[in-house]
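Protein chains: 6
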Amino acid sequence: MFPNRIKQIAQEGGTVLNGWLHIPSTWSAEILARQDWDSLVIDMQHGMMGLDSAIPMIQAIQLGGNLPMVRVPWHDPGLMMRLLDVGALGIICPMVNTADQCAAFVGACRYPPLGYRSLGPTRARVAISENYLHEANEQILTFAMIETAQAMRNLEAICATPGLDAIYVGPGDLRLTLFGKGGIDVEEEAFLEVLERIVRVAKQHQLIAGIHTGSAAYAQKMMAMGFQFITLLSDGNLLASASSAILAETRSGKSGPAGKGQIY
Amino acid sequence: MFPNRIKQIAQEGGTVLNGWLHIPSTWSAEILARQDWDSLVIDMQHGMMGLDSAIPMIQAIQLGGNLPMVRVPWHDPGLMMRLLDVGALGIICPMVNTADQCAAFVGACRYPPLGYRSLGPTRARVAISENYLHEANEQILTFAMIETAQAMRNLEAICATPGLDAIYVGPGDLRLTLFGKGGIDVEEEAFLEVLERIVRVAKQHQLIAGIHTGSAAYAQKMMAMGFQFITLLSDGNLLASASSAILAETRSGKSGPAGKGQIY
Amino acid sequence: MFPNRIKQIAQEGGTVLNGWLHIPSTWSAEILARQDWDSLVIDMQHGMMGLDSAIPMIQAIQLGGNLPMVRVPWHDPGLMMRLLDVGALGIICPMVNTADQCAAFVGACRYPPLGYRSLGPTRARVAISENYLHEANEQILTFAMIETAQAMRNLEAICATPGLDAIYVGPGDLRLTLFGKGGIDVEEEAFLEVLERIVRVAKQHQLIAGIHTGSAAYAQKMMAMGFQFITLLSDGNLLASASSAILAETRSGKSGPAGKGQIY
Amino acid sequence: MFPNRIKQIAQEGGTVLNGWLHIPSTWSAEILARQDWDSLVIDMQHGMMGLDSAIPMIQAIQLGGNLPMVRVPWHDPGLMMRLLDVGALGIICPMVNTADQCAAFVGACRYPPLGYRSLGPTRARVAISENYLHEANEQILTFAMIETAQAMRNLEAICATPGLDAIYVGPGDLRLTLFGKGGIDVEEEAFLEVLERIVRVAKQHQLIAGIHTGSAAYAQKMMAMGFQFITLLSDGNLLASASSAILAETRSGKSGPAGKGQIY
Amino acid sequence: MFPNRIKQIAQEGGTVLNGWLHIPSTWSAEILARQDWDSLVIDMQHGMMGLDSAIPMIQAIQLGGNLPMVRVPWHDPGLMMRLLDVGALGIICPMVNTADQCAAFVGACRYPPLGYRSLGPTRARVAISENYLHEANEQILTFAMIETAQAMRNLEAICATPGLDAIYVGPGDLRLTLFGKGGIDVEEEAFLEVLERIVRVAKQHQLIAGIHTGSAAYAQKMMAMGFQFITLLSDGNLLASASSAILAETRSGKSGPAGKGQIY
Amino acid sequence: MFPNRIKQIAQEGGTVLNGWLHIPSTWSAEILARQDWDSLVIDMQHGMMGLDSAIPMIQAIQLGGNLPMVRVPWHDPGLMMRLLDVGALGIICPMVNTADQCAAFVGACRYPPLGYRSLGPTRARVAISENYLHEANEQILTFAMIETAQAMRNLEAICATPGLDAIYVGPGDLRLTLFGKGGIDVEEEAFLEVLERIVRVAKQHQLIAGIHTGSAAYAQKMMAMGFQFITLLSDGNLLASASSAILAETRSGKSGPAGKGQIY
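Residue numbers (our numbering), protein chains in the order written: chain A, 1 to 264; chain B, 1 to 264; chain C, 1 to 264; chain D, 1 to 264; chain E, 1 to 264; chain F, 1 to 264.
These are calculated hints, taken from the structure and not from any lab test. A few of these clues could be false.
[Claimed, not checked] Among the chain F residues that face chain E by a calculated CB cut under 10 Å, a handful are:
1. D100
2. Q150
3. L178
4. G182
5. V186
6. S215
7. I246
Ideal Cβ placement from N, Cα and C applies to all residues, glycine included.
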């Protein structure tokens with residue numbers, strides 16, 4: 001089994017730049033897998049793919065030489081195990097609010113005696129490593145999402161979960177439950193202090209701290225704060241903003257009667 | 001039937017900015033349909049979708065309030081008719097090299113007596129217009145691709161085809177057959193003269209002249225030359241370039257050990 | 001966000017006629033969406049679609065100008081949230097037997113502080129409303145199914161759940177657990193009294209009362225009883241009965257040797 | 001190989017009632033296959049399915065105990081052969097306008113020396129008959145569509161094609177090319193005379209005469225005229241009309257404020 | 001409803017040979033359904049199919065004249081009910097470790113008053129039996145997987161669950177939790193004693209004992225031990241081993257420069 | 001672009017063992033791609049996949065480190081070009097009966113000036129080689145199928161087609177048209193002489209000679225005869241025969257009442 005790249009980068013003190021997939025297609029997945037992302041997450045919580053779409057996307061990410069992970073929609077051990085069997089190399093679990101929830105999540109991703117994952121890595125044994133059974137507990141990554149006020153109250157206990165590798169901040173949900181407002185890339189002091197506490201506690205427990213961001217500038221700010229796993233936007237956001245930018249640029253120089261806007 | 005937006009824009013002397021779809025997904029299609037594109041083409045010639053993927057993409061483009069067209073893979077009247085029945089509002093036919101080929105293409109998109117399209121607009125009658133049968137010959141657009149040396153020799157005859165609405169330049173193929181080199185957004189004088197001739201002949205026949213471009217700057221240059229239907233890149237190109245740009249921007253400011261590149 | 005049509009109709013004292021989808025296809029969904037149904041429910045409990053089929057069906061229903069809702073297969077918050085993110089405007093949850101179950105269900109459909117729905121309306125923000133985050137708690141509908149003897153014992157408590165909009169009777173299951181027999185459109189007095197009690201309690205709590213029916217006649221009877229959300233059959237039932245009727249009518253007038261039945 | 005039911009019914013002087021599939025789903029296909037249709041046609045010319053959807057629909061029709069055929073989109077021998085290999089028991093070819101076209105069509109459906117079908121009945125050998133190779137030329141049905149003025153001029157020559165089993169009238173296209181108007185179930189005398197001629201010529205050549213109809217009444221009229229293969233509407237039409245009828249019936253008896261129509 | 005073949009074979013003292021499906025395709029499913037397997041299980045725990053793929057596979061297995069069952073990924077009543085509604089004739093539930101879990105599993109597969117399955121056998125009523133509602137509780141099979149040390153401690157209590165039909169050994173997981181090693185077809189004495197105890201306890205409770213095996217030899221050994229439901233490998237294993245065998249055999253006789261291995 | 005492995009093996013005098021795919025699944029494709037096959041052909045002529053299934057299968061074959069080719073259903077330049085754009089590294093064209101047909105086929109696979117392939121290698125440029133445009137004409141393989149009496153009459157002329165790389169014998173069709181009987185692995189002398197002539201003519205034109213076989217023994221015989229590209233069976237055949245063998249072996253040792261056969 002190839003050593004998990006995310007673990008390597010983090011251990012050397014680097015930062016993982018992670019891509020985020022909402023489009024259910026093996027082609028968009030392969031395009032991004034061949035870019036300079038350190039890892040890619042198929043978002044089955046807020047993305048547009050069911051399991052039948054996600055499975056070949058895991059293949060496509062590996063085909064592109066990249067590292068596939070999945071954010072699952074909920075605390076569903078059956079789905080977590082299944083995605084690992086298909087070849088995901090890490091699971092991000094949303095809404096981990098208590099230490100018990102965290103232990104249940106991590107246990108679903110670890111073979112006994114460390115957990116209760118069922119044995120049957122159908123594709124992983126073929127496509128990841130012949131020795132998968134003995135390497136998986138070490139190489140598969142578990143990310144618990146910290147995104148509620150309750151999770152913040154239980155932060156130390158969650159971070160102390162044996163076998164947990166990383167925590168991942170969902171900034172929109174976290175701010176919504178703490179301060180009653182959503183939003184991403186928020187600069188407000190109180191919120192930044194929350195993030196700093198998360199990084200501090202994560203480091204105390206030797207966990208990678210991760211967060212979702214919406215711009216290069218905020219990503220750099222988060223790196224400076226100590227986050228070592230940074231997601232930038234999503235495939236859909238990138239597509240929309242690239243489209244919007246080139247259309248604006250092209251229309252700006254257009255003489256004569258303009259397009260769509262004016263006519264309808 | 002809503003008046004065809006492309007015809008309207010062109011008649012008022014404006015320019016259509018057209019998006020290009022290679023990703024087989026209703027989500028990426030809807031994202032782009034909700035952007036400021038005047039029309040969108042599902043590219044079944046060089047794209048990654050079969051018919052089972054293309055059909056719901058036509059639905060998704062209309063859902064996003066945009067105008068769906070399809071580039072077919074070849075001179076296949078059955079496929080052209082079928083995509084029109086599903087609700088495409090125009091067909092781009094590749095490699096139209098002779099007037100006979102052009103007449104066969106246009107005929108496939110027109111009901112008798114103007115052509116030989118078979119009657120059965122299953123979805124179009126429901127989703128486009130109750131009066132579709134009587135409006136289709138007027139509103140459906142036909143784009144013949146001019147992309148070979150042979151087509152250039154037959155340019156006037158092709159453009160004189162009754163019922164043809166537009167010609168569309170495939171610059172890569174055209175340059176390859178004329179000058180032995182591919183490439184897009186080419187500035188070479190001899191090639192620009194070819195494009196100028198195409199625009200001139202198209203206008204003489206009251207046809208819309210269209211072309212595929214790879215940048216806002218070249219698109220503006222083509223508008224200035226008289227092209228009124230301009231495609232910009234493709235969804236896959238936009239996704240890759242947006243991804244590449246934000247990764248470079250983010251990495252540029254990163255201190256400490258770097259990511260992927262350095263470690264492997 | 002467009003005001004939820006179901007709420008509007010009910011508030012004005014009208015009755016919603018609701019269609020029911022079992023066929024996994026964007027085409028049958030769009031056909032029905034363009035009919036005179038007030039809303040359409042994709043039935044992921046007893047229907048033939050997985051999530052990969054259901055997602056483009058939500059798009060197709062909106063394309064047809066109709067209001068998409070989903071019945072989920074079970075009390076699964078992750079799936080409920082996800083379908084809302086895709087653009088469903090309401091969730092019907094089966095087998096809500098206790099007030100606690102009801103609160104868990106409603107909470108999954110409401111953003112904090114009213115519930116625990118995770119923030120990430122990927123498609124809803126693009127396709128329903130830019131202001132989705134602030135409108136969703138008010139506009140998204142929650143239907144708790146009353147379909148067991150246990151639910152009847154807890155009826156008042158279930159109906160008192162804050163944030164619940166409606167209850168929905170599954171008559172087959174309800175009769176099976178109350179009287180040991182299934183069946184739809186049942187005229188038996190004891191069962192009708194149960195339905196009357198449900199309507200009464202629903203109205204006391206300002207909830208919409210809904211029910212599944214199998215004929216226009218029974219639907220009218222239920223309207224007269226006070227139900228304001230009436231489902232009629234399903235797409236599969238409609239297709240089978242229309243097919244059966246036209247075949248019988250056609251064969252009835254056939255002279256000479258008959259078809260299938262006689263020959264085999 | 002089971003003797004082809006269509007041939008049997010026709011030989012005994014009976015009439016085949018045929019269903020027509022536009023919805024790309026194995027569930028709607030199986031529902032109809034379990035009804036009293038004598039055969040079912042997957043319409044790949046004006047329907048919403050590509051090949052990936054059509055293949056499991058052929059399985060579903062056989063599962064329902066019915067006889068699957070396909071109307072192909074155009075004169076494409078590769079597609080005809082492929083659908084036969086999958087298990088279709090007949091092909092309807094559109095727009096057969098000349099005897100040469102008819103011979104090319106029939107040849108694609110017959111193994112040498114009668115035709116040029118390529119040998120490789122992958123699923124048919126497994127699912128239809130172990131002896132498929134020797135039975136197929138006899139049991140597979142070929143329907144040439146007569147639907148243009150040109151086809152009418154060549155009617156005798158087309159009907160004389162060796163190996164042709166049936167002709168099938170596309171009434172919309174036929175009337176459009178003959179009289180400049182579309183329409184189905186047309187009562188106009190001149191058109192009925194055309195149909196009578198077609199039946200007469202078909203019978204002279206021992207061919208089954210088939211036609212598409214839109215109602216039981218017209219179907220009966222066509223039977224009386226001698227057509228022995230009658231299609232009634234399509235799955236989409238049946239679904240829409242059943243939906244429309246039950247909605248109208250239900251709304252008609254509704255008291256109090258009405259639904260959708262009045263409120264918006 | 002056809003009497004459940006598995007029950008029949010077991011009651012007569014025979015052994016069921018069961019096939020196992022990991023490939024998401026209706027074609028591989030139909031191929032195996034037409035072989036001499038007594039039943040086929042779609043493995044949604046470790047296989048490559050989501051629900052959208054599994055549904056037409058259930059159709060394909062019935063089409064091939066075989067008996068479809070499903071192993072679900074986890075204790076998810078909604079998914080179990082749904083697969084039964086589609087036409088699965090049995091459910092294998094993984095990781096049944098306590099009597100309570102077993103009762104919850106069995107209850108999801110039984111209509112009231114025996115369980116809490118929701119009424120709505122959409123396809124089963126059409127495709128399995130018109131009288132499905134009254135036959136299902138008797139004919140649908142429930143298999144609880146015994147595959148952990150905890151399950152072994154609770155073996156008698158699990159086997160005493162009313163309505164349970166069978167237990168099924170997952171030998172890899174069972175050995176992993178009991179002895180710290182995985183593996184299949186294990187000959188080690190201590191493990192064989194575990195299996196013997198399972199068979200003994202199952203028989204005491206009139207349950208069918210089942211197990212997964214990896215070879216004909218071990219399958220025979222298990223039959224001799226009293227197992228009456230034996231799975232042999234999976235479709236993927238069979239495909240890989242047949243491919244490997246014929247390649248080795250062919251290459252063995254090859255003269256001249258060899259293939260792949262030597263050149264790269 | 002990696003040098004085409006098939007060309008390398010053949011040039012060194014070795015033999016390519018080729019696998020054949022009929023099952024529409026990325027999982028079965030990846031399983032076989034990770035076996036010791038030198039190349040794999042997706043059979044779109046007699047297989048069960050449409051284009052939407054074939055595209056991710058091409059990705060899966062490359063993921064498994066193998067070389068993907070496609071047999072197209074017919075002489076359809078648009079489809080050939082498209083599969084090459086997706087990443088197929090060779091095309092097998094069925095029923096090449098004349099030199100003109102062969103030239104049209106080869107031309108569709110070659111960029112100008114050698115042919116008329118349209119420029120747009122969307123995935124190939126990303127996934128195969130950045131320099132694809134300049135390498136494709138050299139590396140993409142063209143296989144013309146020799147499988148009719150007419151092709152045998154034109155054998156020398158077909159083999160003389162500039163740019164053709166290989167011929168591929170379809171033994172079933174060839175024998176059917178030559179001797180009126182189908183069959184594979186045929187030992188009849190007259191047929192073997194035909195094969196010998198094919199190899200001889202191919203070698204005279206520096207073409208690779210290929211053939212489809214049904215067993216290791218016949219494959220070895222064909223190698224000895226000079227064929228350098230040998231297909232063995234198909235995925236479906238391998239699956240069925242492996243299943244049949246293990247069932248027979250297991251049942252053979254079974255005591256007591258037997259399975260399926262006896263009970264029904």
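Hint check results:
1. With a cut of 10 Å, the hint placing D100/F at the interface with chain E is violated, because the nearest CB-to-CB distance is about 35 Å.
2. Annotation: interface hint on Q150/F violated; nearest CB of chain E at approximately 31 Å, more than 10 Å.
3. Annotation: interface hint on L178/F violated; nearest CB of chain E at approximately 26 Å, more than 10 Å.
4. The restraint placing G182/F at the interface with chain E is violated, with a minimum CB-CB distance near 21 Å, outside the 10 Å limit.
5. For V186/F, the interface hint is violated, the least distance from its beta-carbon to any beta-carbon of chain E being 18 Å, above 10 Å.
6. Using the Cβ-Cβ criterion of 10 Å, the hint placing S215/F at the interface with chain E is satisfied: the shortest such distance is roughly 8 Å.
7. Against a cut-off of 10 Å between C-beta atoms, the interface hint on I246/F holds, since the closest Cβ of chain E lies about 5 Å away.
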